[in-house]
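Q: Residues per chain are reported as follows:
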Amino acid sequence: MKKPLLDIQNLHVALPEGSQRPYAVRDASMTLHQNEILCVVGESGSGKSLTARAVMGLLPRPHVHIAKGAIDFQGEDLATVSDARMREIRGSEISMIFQEPMTALNPVMTIGRQIDEVFRFHRAMTSKKRREQAIKLLDDVHLPDPDKIVDAHPHELSGGQRQRAMIAMALALDPKILIADEPTTALDVTTQAQILKLIKEMQEAHNTGVLFITHDFGVVADIADKVVVMQGGEVVETGTADAILNHPQHPYTRDLIRAVPSLTPRPPRNRNVEPVLKVENLDKVFGGGRSFFGFGAEARKVHAVQDVSFEVRRGETLGIVGESGSGKSTVARCIVRLIDADSGRILLEDTDLRPLGRAALRPWRAKIQMVFQDPFASLNPRRKVGAIISQGLRLMGRSAKEAEGRTRELLDIVGLDERAYDRFPHEFSGGQRQRIGIARALALDPEVLVADEPVSALDVSIQAQILTLLDEIRDRMNLTMVFITHDLRVAAQVCDQLVVMRYGQVVEAGLTGEIFANPKHSYTQELLGAVPGKHWDPQATALSA
Amino acid sequence: MSDFWKRFARNRQAIFGLSILGVVIVMAATAQFMFPADPFSLAGRSMSPPGENGFLLGSDSLGRDVAAGIAHGAKTSLFIGLVATLVAVFIGVIMGALAGYYGGWIDDILMRTTEMFQTIPSFVFAILLVAIMKPSIESIIVAIAVVSWPAVARLVRGEFLSLRNREFVQACHTVGMSDVRIMLGEILPNCLSPIIVIGSLMVATAILIESGLAFLGLGDPNIMSWGFQIGAGRTLLRSAWWICTFPGIAILLTVLAINLVGEGLNDALNPRLRERS
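If you're matching them up, the sequences are chains A and B in order. Numbering-wise, the numbering used here puts 491 at position 491 of the first sequence, and it's gapless, one number per residue. Numbering-wise, the numbering used here puts 47 at position 47 of the second sequence, and it's gapless, one number per residue.
No wet-lab data here; the hints were simulated from the structure. Idealized CB from N, CA, C, for every residue including glycine. Keep in mind that a hint or two might mislead.
Chain B stretches covered by chain A per the calculated footprint, using a threshold of three residues with CB under 8 Å from any CB of chain A [stated by the list, open to error]:
hint, region
1, 156 to 168
2, 179 to 190
Below, simulated SDA-like cross-link-like pairs (lysine to any residue); rule was C-alpha separation at most 20 Å, straight line [unchecked claim]:
hint, chain 1, residue 1, chain 2, residue 2
3, B, K6, A, G18
4, A, K384, B, L188
5, A, K129, A, K148
6, B, K75, B, V23
Just chain A, same shape as in the assembly:
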């Protein structure tokens, strides 16, 4: 067997004293060969990103540093190499692409100049030659009009284009190793598919070894040759992609794979005939106002929602899926009246909520409640959990004692300890906070629950628990749900009906099973085709394991 390109042996990365654990990465070993994609998978806090940063010499020293172990790169130990040598290696021999291309690129420099810098620091070339080379690189990563893009600033490009430019920059000096830290997490699913394809293509063309950090097993299934699974700073399992994905040995890997929602929609349930919520011809335009008493420049108009109609029956879950900017969240906020729609009707039990004023709306507020996306921003950090959940009850005029009793009951329903009542939100993990958010939404016994990406900020195993909880609650309380998501895997497991949105419009609507089996609109087909790891069924693995 050939000597590996990168050989990490017993790597320990120490955290500052007083942290939750002494080592962020403990005794991690892995090898990366030429022309191979090694995926490091794990949930948040698994130490996968710090492992990558240790290789690049980008740890936030001195607080976080390599305590023990060796990182062998072609006979040099990167754990002990001098800073000057590390600078030479970075960019020319090992380079890195990051999760958020907007923050990784300098906003006031043109793309061309940023690529130019890489050449200037590492190679002696004339400026004309450097520019030609930069244009060629941009062409290699399939950016349209490389002659123009070379003089463009980062904000003029889309997210996917920026990530392509990052890749061009990373590959400028033909490095032996490319480290990719969640490079597609911030991108939409169709863009993600293109970027993954590009990384694979570039890796094959340049014979690069790629160290790919991700939390998404779908992405692993699409591009990995070998996989390392990390948990709590330790490597729990290493193997070929086929072995890990289809025959996982370690119980943690099995749990993780079991938690990945399958793309096969669950069997349809019996449908109720009674419609609870009807949305008709909803329209919303943002902007258009003028600042400075109407004398300022007109703000740019965005038609966020255009003529959206759908109907949800009692006990059903309607999924609204779409990419960023599709208007799906705006629809959700219009329904709960956080945003006032411009026209259309929002019928809850045959009452149109849209034109109601504050006072008239108040009795209806309780019937339609919302679960938010970000479990960290959705709870007031200065209030105790009990107060957060019971505030709605108190506003509706219940006595303090009644509200407290109901709140404790709710904590039990969402699977939290009763002691949570007197604690502050920061004492809880993301998943637990999301449970608190759900309890708050349930406090007023709503008819309709609007959930805006309730699991997208959570790790996959927590995500599975929250989805199960939402399912249980829906059945138990006969709730009707509107579920906003960008993740088709989640939609397949949760929703009875789907509405696919793009640019503020509904492009396709129907039963989940039918849309997955037979998508009619080309955009739906594109979305379904872009889901990472679509040829791999985690549930089949889970069953066989």
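Guided by the hints, dock chain B onto chain A, whose structure is given.
A: Here is chain B on its own, set in the frame of chain A:
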């Protein structure tokens, strides 16, 4: 609370500032017992250097005790600094909260008003206000408050702007909470830290403005003040240096102390560090 104190105590400068401030407060509180006589009264020979004729810090051209003036002046400075700041913070929070929370034309009106106040140099504005009303402790407090609130208003507006779209605030809307309750009960507690910090620094500025006004003879004629002492001694600076010097040091140390405490509060209350913990 103990957690907060630990973070505050880690900053040595802040502790240094706090101890000086403590001395000034004790001085103000005990002035009546240490120097029971009226600080304006003639206590002995005029122009006595420090340590002579029973004057610890000397006496001025009329034979008034400089030390007594400093002790009683401490009371004035702290009182005016605190009250003026409280008034300014009160006005600033209301204006900033309304502007940031509602936005639109309310924001336009309130912020353009704020800018109008900010375009006039604050000390000149304060002189003008005191000169129009007649010099008294109330008019000085009003003048200082009027020139200081815009900074608070801008800060609070910014905080409200960023907090009003947070999901926890939206969650309050979905249960039908009233605007006043959301502003006071949900948003305001989350921006208390920066308000406390700016407030503490404003006390120092207020003391400086008060001294400046008194120096120019616009202080309350019945109340002893550090600025008044310096003003009274400025013509004698070469023959009797102590009349100006000691009140000047008192102002310097007090303002320095409050600034150090303010910095310490800023470090200890820094919301970014808090949220990540």
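Q: Each of the hints needs a verdict: does it hold here or not?
A: Now for the hints, and whether the structure bears them out:
1. 156 to 168: Contact hint for the region 156 to 168 of chain B vs chain A: holds, 3 residues under 8 Å.
2. 179 to 190: holds (count 3)
3. B:K6 - A:G18: 15 Å, holds
4. A:K384 - B:L188: 16 Å, holds
5. A:K129 - A:K148: Measuring from Cα to Cα gives roughly 17 Å; hence the hint holds.
6. B:K75 - B:V23: 12 Å, holds
In the structure shown, no violation is registered for any of the earlier numbered hints.
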